[in-house]
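**Q** Each chain, written out:
Number of protein chains: 2
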Amino acid sequence: MATNVTETTNTNQDRTEETTAMASLTTCVAGRNVIHGPSIWTDLLELFKRHPDPVYFGDGSPDKDLIPLERLKEASIRAWDDAPGCLGYGEQQGFAPLRDLIVERMRPLGIEGSADRILVTSGSTQGLDLACRVFLEPGDVVLLENPTFLGATEIFRAYEARLVPVDTDADGMVMDALEAALIAEPRTKMIYTIPTFQNPTGSTMPLERRQRLVELARQHNVAVLEDDPYSELRYDGDVVAPLVALDHNVIYLGTFSKTIAPGIRCGWTLAPAGIHRLLVANREVSDISNDRIMMRTVYHAAEGFLTDHVAGSLDVYRSRRDAMLGALGEYLPETVTWSHPDGGFFVWITLPEHINATDLANQAADNGVIYFPGHWFYPNADEFNSIRLSYSTVPEDRIVEGIRRLGETLRSAPGA
Amino acid sequence: MATNVTETTNTNQDRTEETTAMASLTTCVAGRNVIHGPSIWTDLLELFKRHPDPVYFGDGSPDKDLIPLERLKEASIRAWDDAPGCLGYGEQQGFAPLRDLIVERMRPLGIEGSADRILVTSGSTQGLDLACRVFLEPGDVVLLENPTFLGATEIFRAYEARLVPVDTDADGMVMDALEAALIAEPRTKMIYTIPTFQNPTGSTMPLERRQRLVELARQHNVAVLEDDPYSELRYDGDVVAPLVALDHNVIYLGTFSKTIAPGIRCGWTLAPAGIHRLLVANREVSDISNDRIMMRTVYHAAEGFLTDHVAGSLDVYRSRRDAMLGALGEYLPETVTWSHPDGGFFVWITLPEHINATDLANQAADNGVIYFPGHWFYPNADEFNSIRLSYSTVPEDRIVEGIRRLGETLRSAPGA
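Line order of the protein sequences matches chains A and B. In my numbering, each residue carries its 1-based index in the first sequence increased by 1. In my numbering, each residue carries its 1-based index in the second sequence increased by 1.
These are calculated hints, taken from the structure and not from any lab test.
Pairs count within a copy or across copies, as identical chains cannot be separated in the list.
Only pairs whose alpha carbons sit at most 25 Å apart, straight line, appear in this in silico SDA-like list of lysine to any residue:
| id | residue 1 | residue 2 |
| --- | --- | --- |
| 1 | Lys65 | Cys87 |
| 2 | Lys65 | Gly89 |
| 3 | Lys65 | Arg106 |
| 4 | Lys74 | Ala97 |
| 5 | Lys65 | Ile289 |
| 6 | Lys50 | Ala97 |
| 7 | Lys65 | Ile78 |
| 8 | Lys65 | Asp309 |
| 9 | Lys50 | Gly89 |
| 10 | Lys74 | Pro98 |
| 11 | Lys65 | Ala97 |
| 12 | Lys50 | His376 |
| 13 | Lys50 | Gln364 |
| 14 | Lys50 | Asp117 |
Pulled out of the complex, with its shape left as it was, chain A reads as follows:
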């Protein structure tokens, strides 16, 4: 995915001048830009043109119909009423009462945080970016689940890290494989993991693996980056302690993107004091702070209705997950297997090895179903027989119809 900096021809004189000089400016960009190739969204938009009414299983968002807009608007009005004096520069760490509430929200997960080690970020994407700023030199190694969250791999690559995928099974990252990687890769700076309701697989790492992971990280003196956007969205079973509850040295990334909405760009980091201080310092030179009105809006939401809102959403998402698991059993060929998530947004489908899910995406779209090909989630893009399905934004009857269409597509695939 090398950057293509060649410009198209223009007729206008000004534009032509611009093109000429700009082509030379683009020759002096930094090496890190080589990662910015065509976006997957370009391909996706093409798929949408193939059917009048496709079922879209791609979203990693909460359902927009569940977003509590009216109550958020009221919280926002209160935030503006609080505003005199709060609209200057400031609050680099984040609005203090919001940080206190974040500590409260993490407690049911077993996390004993403290507000002075929390940094409010522009989504957990920025938390990831800042952790990279703190730790990564070009050529440093990041160990991560195989497959893992596409957005994270793009960030690590922007810091010119070398990504070393670690094998996973139905219980997440395999610890013997992690230990072998730590030994084989002395330049490892960081282990990146999504231990709970993983993206893309939906798997959850059991407690014993978590304990071993933080022990291995300590032994090898590498940072652990725990990305935890989905823990509050558990539909079954008991909480499994987050890594940061087992070891204060873990750098934890939380977000309101899944419990409120992605568009408000509000997440947080919890880190040990020395690392926290560097995260804050790096945040100052990135963009200073979050929007101060939205931090107060989220505060009023979190102290008011958010817990109830999340509890209500769980019922909807649980039913959708159940609808998807049921339909998969009904409509998919016996050669196909899938994960059984206890929470989060995703089910991971494994096809027979000879079926290429990326090639199949066009036929699926013609047949009215759009999914994310699994190979997008493999850092080395070396596996092609898997599919990520999200059920979070699709009503139950549409889920059933979408899986029916997927089953039909799969059955017609050569050799399925």
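On the provided structure of chain A, position chain B as indicated by the hints.
**A** Chain B alone, transformed into the frame defined by chain A:
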């Protein structure tokens, strides 16, 4: 300002464990973190303790009493009403109607932009950061005004750039000095300039210098980063064409921080297409997008009342500038000179060479006046006889009183 990562002693067992392991984690942070020393705000807060009612000339913000809170709140309510469907991920470039309005707002400055080359950013701080991501490798050279904006130098240093200051006079950057620097520094990637109502000096670069600057940049194939937060705040005289109006290859940074409020974190970049595409791509891996509600709030403000609001603010700021210039003439010793800005927020004071404005800051604070020592703004911190004063947030009578106190302090300085 090397990073001090040593932790203080803790008594609690957990904290001690954390401290030990964390000390070792902080040994593996990336080299770029070495820049994050103690913040100037620590020193400033100490100064505030020295007098019961100090006059504070440090702010780089609009006056909070001028921020149109009620109308912004109404704009925000409209934004929430527009919200259904807009709270997912998306709008990486920024809300399209806001980008159209930004194009409109730049037209009176002589800028013919286009919305498809605008990226909405989290303040112009993020624009600076993204431009660094696009261009800078460690060791690359950035040429900049001496003195210049402290926040910018911190960002360039976070990219491990080498900063080469270029001489300035009352008309801003001296072009012969710039040319000499371009020849002497073949690794120059970027010229950073604030040509209009410069921070910290208040100077404005005349048209002929601007034309020469963009010519020199083309000849040497280096990027020009034009930071322009103050152009809309002109109190006297005619618009001088921004650099980007003279050459489409300039990367222009605009912001609503001075015309609305810093706390909303909303600015923009305007760049040639090839560079714009890379700015957007780098934005995606930084934090995806601005808060989508606030982008709509700013849109409703910009299409509604913002032009009137800015016009009204000009009268207030003009009177404050005049009050400051008048008081400087009345109270400062004849050995002192200062700039005469046509707009923006700052006046730059030059003291006799033997007076150290940094040392004097404590006495000034005891005497009830707080300023930013000029040496903070010299990239090499090699000049000590200057002071930045901001008049934007201080009522006229307090400006006069503050300058009277400053004059008293200066007269009592040894050898003033």
